[in-house]
Amino acid sequence: MKYIKFFLVGILFGIVMSKAEIISWYRIYEMFKFQSFHMYGIIGSAVVLGMLSMYFFRKKMVKTFEGNEIHVAPKKRGLYRNLLGGILFGLGWALAGACPGPMFVLVGKGVVSILVVIFGATLGAFFYGLFKDKIPH
Amino acid sequence: MEFITQPWAWYVAGPIIALIMFLLFYFGERFGVSSNLETFCSIGGAGKFIDYFKIDWKQNSWNLIFVLGAITGGFISAYWLSPSDVVALNPQTVQDLADIGIANAGATYLPDEIFSIDTMLSLKGFFILLIAGIMVGFGARWAGGCTSGHAIVGLSNLELPSLISVIGFFIGGLVMTWFILPLIF
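Going down the list, the protein sequences come from chains A and B. Sequential numbering from 1 applies to the first sequence in my numbering. Sequential numbering from 1 applies to the second sequence in my numbering.
The reader is advised that the hints may include incorrect statements.
[To be verified] Below, a sample of chain A positions facing chain B; criterion: calculated Cβ distance under 10 Å: (1) 27; (2) 35; (3) 38; (4) 41; (5) 54; (6) 63; (7) 74; (8) 86; (9) 109; (10) 112; (11) 120; (12) 125; (13) 129.
Please keep in mind that the hints were generated in silico from the structure rather than gathered at the bench. Owing to the predicted nature of the structure, the values given are computational and were not obtained by experimental measurement. Note that the Cβ used here is the ideal one computed from N, Cα and C, for glycine as well.
Can you build the whole structure from these sequences, using the hints too?
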């Protein structure tokens, strides 16, 4: 039962991703062509409100439902990792028109071909594990 | 119901995504979808030959449940909340896509030139989907996160690695959109 809340938050995520057309390939293309404010507005407003959340967490004004402090662990540092990994991700994002979250939402929408993309993404994560000691970080 | 069934504006979607991030922290976890890809590898037994995947994936069960919810949400939205699949694109976008060989952009939710069953079953179409996926999966794990983990959580937390990653996302995305996509179709 402790998982039901994650299921419900996931449903909200799936609905907002599809209703705001974030899972549409076209919206990603339009974003990278700078022809619409839509995606920038979504990411921008989410980040501004996210900063506010982080402020509450840091000031310990908000704790988890179990009363623990919320500590946001920093991301791993490394110029090569972030820049090169980011560029590779961006190439795939613009080609598939979907990042990992939307891929799964598209499954729910009944898009069969997105399963090939998800399989590829899993394979990509596997290749990363396989080659990670041989690439710069 | 009109409010629900029409496409949602950015100022509705952005705050809801911030709320989702907030709720996951409140529940003691952290928003980040691409780590599930590693969990899939671990479940599939990749830990037998690569130590990197030798993790106790059950700790990430909540995230798999989140993904299950996302699939369910996509289903609910598609079948009950979305009477139309038309995407109201900038007319310039529609024209630009027609010029590179993607017709009737926005008439349906996704371009048939990439996502139709016929395309998927062609050799070229299958490899486009597969390679796009491999780049997303490899890139996300190399960078240590995707749009959710870096662009939303990381930027909110003012983290330099996330800023660099998001700049990378855009370099890659712009190169694909402006220079590579026109050559593919």
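Query raised in the report: Failing hints, ascending?
Result: No numbers; nothing is violated.
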